[in-house]
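Take the sequences, apply the hints, and build the full model.
Residues per chain, in single letters:
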Amino acid sequence: MRRFILISVPYAWLLALFLVPFAIVIKISLSDTVIAIPPYAPTLDLAGGWAGIVEFFQGVDFETFEFLTSDDLYWKAYLSSLKIAVIATAITLAVGYPIAYGMTRVAPEWRPTLLMLVILPFWTSFLIRVYAWMGILGQDGLINQALLWLGVIDQPLTILNTPTAVYIGIVYTYLPFMILPIYSALEKLDDSLLEAAEDLGCSRFTAFWLVTWPLSRNGIIAGSFLVFIPTLGEFVIPSLLGGSKTLMIGKVLWEEFFSNRDWPVASAVAVILLLILIIPIILFQRNEQKQREAEG
Amino acid sequence: MKRLLSATASVAVLAGAAFAEEVRVYNWSDYIDEELLTKFQTETGIDLIYDVFDSNEVLETKMLAGGSGYDVVVPSGTFLQRQIQAGAFQKLDMSKLSNAGNLWDVVAQRTAQYDPGNEYSINYMWGTTGLGVNVGKVKELLGEDAPIGSLELIFNPANMEKLASCGVHVLDAPTEIIPAALKYIGENPDSQDPDVIAKTEAVLMGVRPYIQKFHSSEYINALANGEICVAFGWSGDILQARDRAAEADNGVEIAYNAPSEGALMWFDQMAIPADAPNPEGAHKFLNFILDAQNMAAASNYVYYANGNKASQEFLVEDVIGDTAIYPDAATLENLYTVTPYDARVQRTVTRLWTKIKSGT
Amino acid sequence: MAQVAAQKPVFAPWDDPKQAPLIQFKNVTKRFGDFVAIDDMTIDIYEREFFALLGPSGCGKTTMMRMLAGFERPTEGQILLGGQDIDAIPPNKRSVNMMFQSYALFPHLSVWENIAFGLKRQKLPKEQIDERVNEMLRLTRLSKFAKRKPHQISGGQRQRVALARSLARAPKLLLLDEPLGALDKKLRQETQFELMDIQEKTGTTFVIVTHDQEEAMTVASRVAVMDEGVMVQVDTPAKIYEAPNSVYVADFIGDVNIIEGRAKQISDQVNIAWAEGQPSIFKGPFWISHILATYRPTMSGCHQVKPSRRRPLIRGVYRAEISLGKTKCGCHSRQPLASA
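Protein chains in written order, with my numbering: chain A, 830 to 1125; chain B, 60 to 419; chain C, 11 to 350.
None of these hints come from the bench; they were simulated from the model.
We put the CB at the ideal spot given by N, CA and C, even for glycine.
Where hints are given, some of them may not hold.
Here are the simulated SDA-like pairs of lysine to any residue, each with C-alpha atoms no more than 25 Å apart in a straight line [to be verified]:
hint, chain 1, residue 1, chain 2, residue 2
1, B, Lys414, B, Val117
2, A, Lys1017, C, Asn102
3, B, Lys196, A, Ile982
4, B, Lys221, B, Val117
5, A, Lys1017, C, Ser120
6, C, Lys130, A, Ile982
7, B, Lys121, A, Thr1035
8, C, Lys103, A, Thr1041
9, A, Lys1074, B, Pro216
10, C, Lys159, A, Gln1118
11, B, Lys414, A, Phe1064
12, C, Lys136, A, Thr1035
13, C, Lys103, A, Ser1032
Stretch by stretch, here's where chain A covers chain C in the computed footprint (C-beta under 8 Å, at least three residues) [to be verified]:
hint, segment
14, 23-32
15, 105-113
Covered stretches of chain A, going by a simulated chain B footprint (3 or more residues, C-beta under 8 Å) [said to hold, decoys possible]:
hint, segment
16, 966-975
17, 1089-1097
Set out below in structure tokens:
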């Protein structure tokens, strides 16, 4: 019995915070839009008993999903989001790995301080930090001022409202999610493995490629998923830092929901986004499990 | 069970006594003189909770989801009309609005188009959608005879190509831009015909590469500090940018012009949600706003015209005397209004808008 | 003893002036900041030797080994390997391999890949690598486990993988850093013999670091007892055991009773006056250090002290009889246990 209660806690959590909202979204995606509160029909009337449920199921259809295939906007937006998420994840990895690596190379007494510095940005609101980037990247922002003052450029660069700004924003925001798992993988790495590799004929560089890199793979995978998954559905960063050219599915979803007031289509977009995400999430879970088995 | 109920009831009574009455207002950003908020609280003893938004869409979604918790909201005309249809608002109790006599019939006639009989709303502000320009920069790029008062400025690719380098922002509001584009090509700006609306695509796609951003509030600051040189936006916002630039004394000179081809006239209406927690307090707030002096204070601050005839004697010359704010009779003739799109047309419009913004 | 000696010629290149040493430490000093890890050390180690560095932690033995491997460089002095100064040669270019205390097996590679790791770096042809790895697997009796990952085999097997890996490149010199430290006692004893066997078969020079005196005494041809960066005594296990040159060595090697007293030479015997009111000790086989005498417990019991005897040599409390391996009473000149 106690065991049952213990197991039921995470499942109740999953049910309440994931499955129930997801079921609601699916339900809305199957309905039709109307001018009313709420702006879709039919609504599931549980008070109406069995008759209400029957009525509900008579009213639903897959029209919204058919609609999504009728317009190239949606798959283009999914693809564009995937592209942005992949590139941003790669850049975050390229920036985050050396930082994590450097952190494990300093004297151990410095590491908590460095970890603190990595986590520190979380102490302020995400929105404020993104707004700060607007100030940094703007026409009269810090970067342009510095470059102008140094004489590198004589006309301010347009960075804000471009895809570059979106990448900067995403890399900045999600960098800690990349650094922390890689750091934890590298920190576990026994220095004697590198000495052994050198002892067996590796140069420093090949020792890194043959030992450090493969052994930090789990950290790299975990970090990449932690960056990739939220980036795919990202809305705030592209809308604040990106110009109108940055097409992302999060933005399309917003438009469906707010501009078209078409909650069923918005829900259908969300359902498909989630289905796309489920693949990497399952891969991620399997990686985690394998890692646990290897350690256990 | 009964005991539990009575206990809950007494807690509720205590809670009512312990906490002051409050009114929650949801208005556009940069849209009031904040001193008025303090004044309302001192006069009525009601706590005022004041939140802001910058797009009708955000407001509408909250209204249609229901349970927003707000007592007073400020949708624009076309949005108001649809939300009334959806049953989002309650009828006003005119007996509680002693200052309702101050309303200006010129405006009320037009707002009745969205809210028949003006049963659900009172006008807060109205204005036009037009061109804000950084005069110095635009003239530098386009010459002394730059068409700063014409839609040519933003819909003619030849002009836009030159302006792109200094930055052009356009409202992220298809219901404002598409009518303007229709007007530019000589169609009825209030057209509900998807085929006619589709004609604007060519116009907008032609200038799209030169538009830096579609956004509905950033342009105030961007214009004021010289980051952009043209904005197609709301009259009062651009005039606020003009004032901020003048205050900053940064050499930026901003001018607002309603397009000579004709400008969209819009109305922001105050209404009370059907499920407002405190409709009593909401009426008090509306009546406070309807007061001639209060309304004048708001207009003097935000540079928008209002629908309050009695307030006009308290308006400063900068506001009442500026034809950009209170157009003369001839200009008034040239202004047009639009009606809401139905769901099918709305989808066409949004899709077109997405295509224009993202190129897809 | 004589029997053993007849079977095997005595291996003692250090006594032969014609032999050229494989490794030479010449006045090597190593400092870490203010701390002197190795203090002006000079020592020769010969080919085919099984040389043990013995001492408590922090005595400098690991530093010596790491200098040989190339992970540390001497602050002063020279280290020669086969007559060549190796200071400028990085670890990956030295014909020296090391077996790490933690084994440092690559967890992402199989046993086979671990052993092949060093061979692949030499860019040997595939067949040659296969052959060598299989040879190593046979030598360490690991053929069955070739495909396993390190976390899928036992501690003793891991130890053998580490050994096979470090031997695969057939180094001139193999360094073993506490190679048996992680094994339990029984396995350790078995492995000691295995190590000696492999050393003999491959003819590689072994330098082993250990803090376990028993291990050092068992496996080594010579033992260097170290303390605070200095080699206190370098000698065969037998000599170290029976003729320690200091209290430190005597105390470090084996269990010992230390008797403090005044020593006086009387003909070929020594008279030690060691306590007021106690009779002096007259004895031959004791080794005398000024006024300190050491007395090995393994030597007690050689002379059964009868209770009837009126004047005991030393009064003590008999606690228990502990068997100390195969040592027999009166075996004064003792070869390493292994040969017994």
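Structure-based check of each hint:
Using a Cα cut-off of 25 Å, the hinted pair Lys414 of chain B and Val117 of chain B holds, with the two alpha carbons roughly 21 Å apart. Restraint check for Lys1017 of chain A and Asn102 of chain C: satisfied, since their Cα atoms lie roughly 24 Å apart, inside the 25 Å limit. For a cut-off of 25 Å, the pair hint linking Lys196 of chain B to Ile982 of chain A stands: about 20 Å separates their Cα positions. Taken as a hint, the Lys221 of chain B and Val117 of chain B pair is broken in the structure, with Cα atoms around 34 Å apart against an allowance of 25 Å.
Between Lys1017 of chain A and Ser120 of chain C, the direct Cα distance comes to roughly 20 Å. Compliance with the 25 Å bound is thereby established for this hinted pair. For a cut-off of 25 Å, the pair hint linking Lys130 of chain C to Ile982 of chain A is broken: about 51 Å separates their Cα positions. Simply put, Lys121 of chain B and Thr1035 of chain A have alpha-carbon atoms about 58 Å apart, too far for the 25 Å limit, and the pair is violated. At most 25 Å may separate the alpha-carbon atoms for a hinted pair to count; Lys103 of chain C and Thr1041 of chain A meet this at roughly 20 Å.
Simply put, Lys1074 of chain A and Pro216 of chain B have alpha-carbon atoms about 18 Å apart, close enough for the 25 Å limit, and the pair holds. About 17 Å separates the Cα atoms of Lys159 of chain C and Gln1118 of chain A, which keeps this hinted pair within 25 Å; it holds. Only pairs whose Cα atoms come within 25 Å are accepted, and Lys414 of chain B paired with Phe1064 of chain A is accepted, the gap being roughly 18 Å. A hinted pair counts as satisfied when its Cα atoms are at most 25 Å apart, and Lys136 of chain C with Thr1035 of chain A qualifies at roughly 19 Å.
With a C-alpha separation of about 9 Å, the suggested pairing of Lys103 of chain C with Ser1032 of chain A holds against the 25 Å cut-off. Only when three residues or more bring their CB closer than 8 Å to a CB of chain A does the claim for the segment 23-32 of chain C stand; here the count is 0, and the claim is violated. Residues of the segment 105-113 of chain C lying with their CB closer than 8 Å to a CB of chain A number 6, which satisfies the three-residue condition for coverage. Only residues whose beta carbon comes within less than 8 Å of a beta carbon in chain B count, and the segment 966-975 of chain A has 3; three or more means the coverage holds.
Note: the segment 1089-1097 of chain A has 3 residues with beta-carbon separation from chain B under 8 Å; the three-residue rule is met and the coverage holds.
Checked against the numbered hints above, the structure violates hints 4, 6, 7 and 14; every other hint is satisfied.
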